[in-house]
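A.B. asks: We have chain A already, so just place chain B on it with the hints.
Those protein sequence lines, which keep their order, are chains A and B. When we follow our numbering, the leftmost residue of the first sequence carries the number 1, and every step to the right adds one. When we follow our numbering, the leftmost residue of the second sequence carries the number 1, and every step to the right adds one.
Simulated from the structure, these hints should not be mistaken for lab results. Errors might be hidden in some of the hints.
[As the list claims (entries may be wrong)] What the simulated footprint calls covered on chain B by chain A, stretch by stretch (three residues with Cβ under 8 Å from a Cβ of chain A suffice, anywhere in the stretch; the number is not a length):
| # | segment |
| --- | --- |
| 1 | 9 to 17 |
| 2 | 31 to 45 |
| 3 | 52 to 66 |
| 4 | 75 to 83 |
| 5 | 86 to 100 |
Bear in mind that the values here come from a model prediction, so they are computed numbers and not experimental data. Idealized CB from N, CA, C, for every residue including glycine.
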Amino acid sequence: MMQTVLVLTAVIFSLAAAGAIIRIARGPSLLDRVLAADVLLAILGGALCVDMAVNRHLNNLMLVVAISIIGFLGSVTVARFVADRREVPGES
Amino acid sequence: MSPDATGMDYWVDLVSAVFMVVGAVMSLGAAIGLLRFPDLLSRMHAATKPQVLGLFLLLAAIGLQMRTWWVWPVLVVAWIFQLLTVPVSAHMVGRAGYRTKHLHRELLTSDELEAVVQKAAAKTAREDDSGDGSKK
Numbered sequence: 001m002m003q004t005v006l007v008l009t010a011v012i013f014s015l016a017a018a019g020a021i022i023r024i025a026r027g028p029s030l031l032d033r034v035l036a037a038d039v040l041l042a043i044l045g046g047a048l049c050v051d052m053a054v055n056r057h058l059n060n061l062m063l064v065v066a067i068s069i070i071g072f073l074g075s076v077t078v079a080r081f082v083a084d085r086r087e088v089p090g091e092s
Numbered sequence: 001m002s003p004d005a006t007g008m009d010y011w012v013d014l015v016s017a018v019f020m021v022v023g024a025v026m027s028l029g030a031a032i033g034l035l036r037f038p039d040l041l042s043r044m045h046a047a048t049k050p051q052v053l054g055l056f057l058l059l060a061a062i063g064l065q066m067r068t069w070w071v072w073p074v075l076v077v078a079w080i081f082q083l084l085t086v087p088v089s090a091h092m093v094g095r096a097g098y099r100t101k102h103l104h105r106e107l108l109t110s111d112e113l114e115a116v117v118q119k120a121a122a123k124t125a126r127e128d129d130s131g132d133g134s135k136k
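Here chain B stands alone, though its shape is the one from the complex:
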């Protein structure tokens, strides 16, 4: 890319190698977290590491290795897409996990959703008492 590319090439290679190894270690950490954490919510905490930071590091390693500028917008688009989809799926999984009670309640420090759920349950019970009966 530049005339004195030998020293530059070495450093770019070194940085991208570090990015690749750290990105791989992120997924190993996610696997260890999946195996060792006690319930669904803490496993979800571990599972997001390779999806966001690991993918960012690996895409940055690709961009450094390709030695061109035009590839960076494509990589940024791929990463932003991942950033948009991961919170949605994590929200859905966490919501379903809360509703089906796949959590250890003694491990929570605070549960702000419980008041909302109880209010909604009370409202549903009132509507059932008023007797439309069409909706369960």
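Okay, chain A solo, but in the shape it has when bound:
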């Protein structure tokens, strides 16, 4: 059963990561890209969690916490220094 779950979650996480990457590439504004990068980090942490649960080890737990720290610091920093450079606001 665990192998089936592993394959199923791998497929789902791959599709989710593809969607987040498409939004990073296409996103009309910088904040959309930051948000999609945050989601991509959350997906990565989730994949690490599934690996830990299926293989029954805890090696990645600090990595999951570090990923959440990176997502937090990155989105806060970029949101702090973002500026509006469009001529016509509200077009996105």
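C.D. replies: Positioned in the frame of chain A, the structure of chain B alone reads:
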């Protein structure tokens, strides 16, 4: 863990498998929301699903799979840390999105921040008129 572990093991495995699949579906839902929602604020709504509920489900699956009790406080600490940081970053992103007007105003049902922003803008304009000029 217990002497009659065969039936128990099956159910714990089943619950953790359901948690893992649902937690993965949360991140898929976030990706679909990112792709389909029209503006930044509604995308932020979709983006919090894997960060809070998805991570909770996956950490609970880890705790069930490890079959020990000492791992639960560590997982709870990891989840609480995520709970503390996600609202702060969402607040910052939403604030910057409002200030840079990355929102579709016709989709809002109410905008309680607009009065505050206009009051602050009026105050800044008054201070500019009184002519200290040191601050833009």
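A.B. asks: If a hint holds in the structure, say so; if it does not, say that too.
C.D. replies: Tested hints:
1. Counting residues of the segment 9 to 17 of chain B whose beta carbon lies closer than 8 Å to any beta carbon of chain A gives 4, which meets the minimum of three for the stated coverage.
2. Closer than 8 Å: that is the beta-carbon criterion, and the segment 31 to 45 of chain B has 8 residues meeting it against chain A, so the requirement of 3 holds.
3. Chain A is given as covering the segment 52 to 66 of chain B, and this holds because 9 residues of the stretch bring a CB closer than 8 Å to a CB of that chain, at least three being needed.
4. Residues of the segment 75 to 83 of chain B lying with their CB closer than 8 Å to a CB of chain A number 4, which satisfies the three-residue condition for coverage.
5. A count of 10 residues in the segment 86 to 100 of chain B with a Cβ less than 8 Å from any Cβ of chain A is obtained; the coverage claim is therefore met, three being the minimum.
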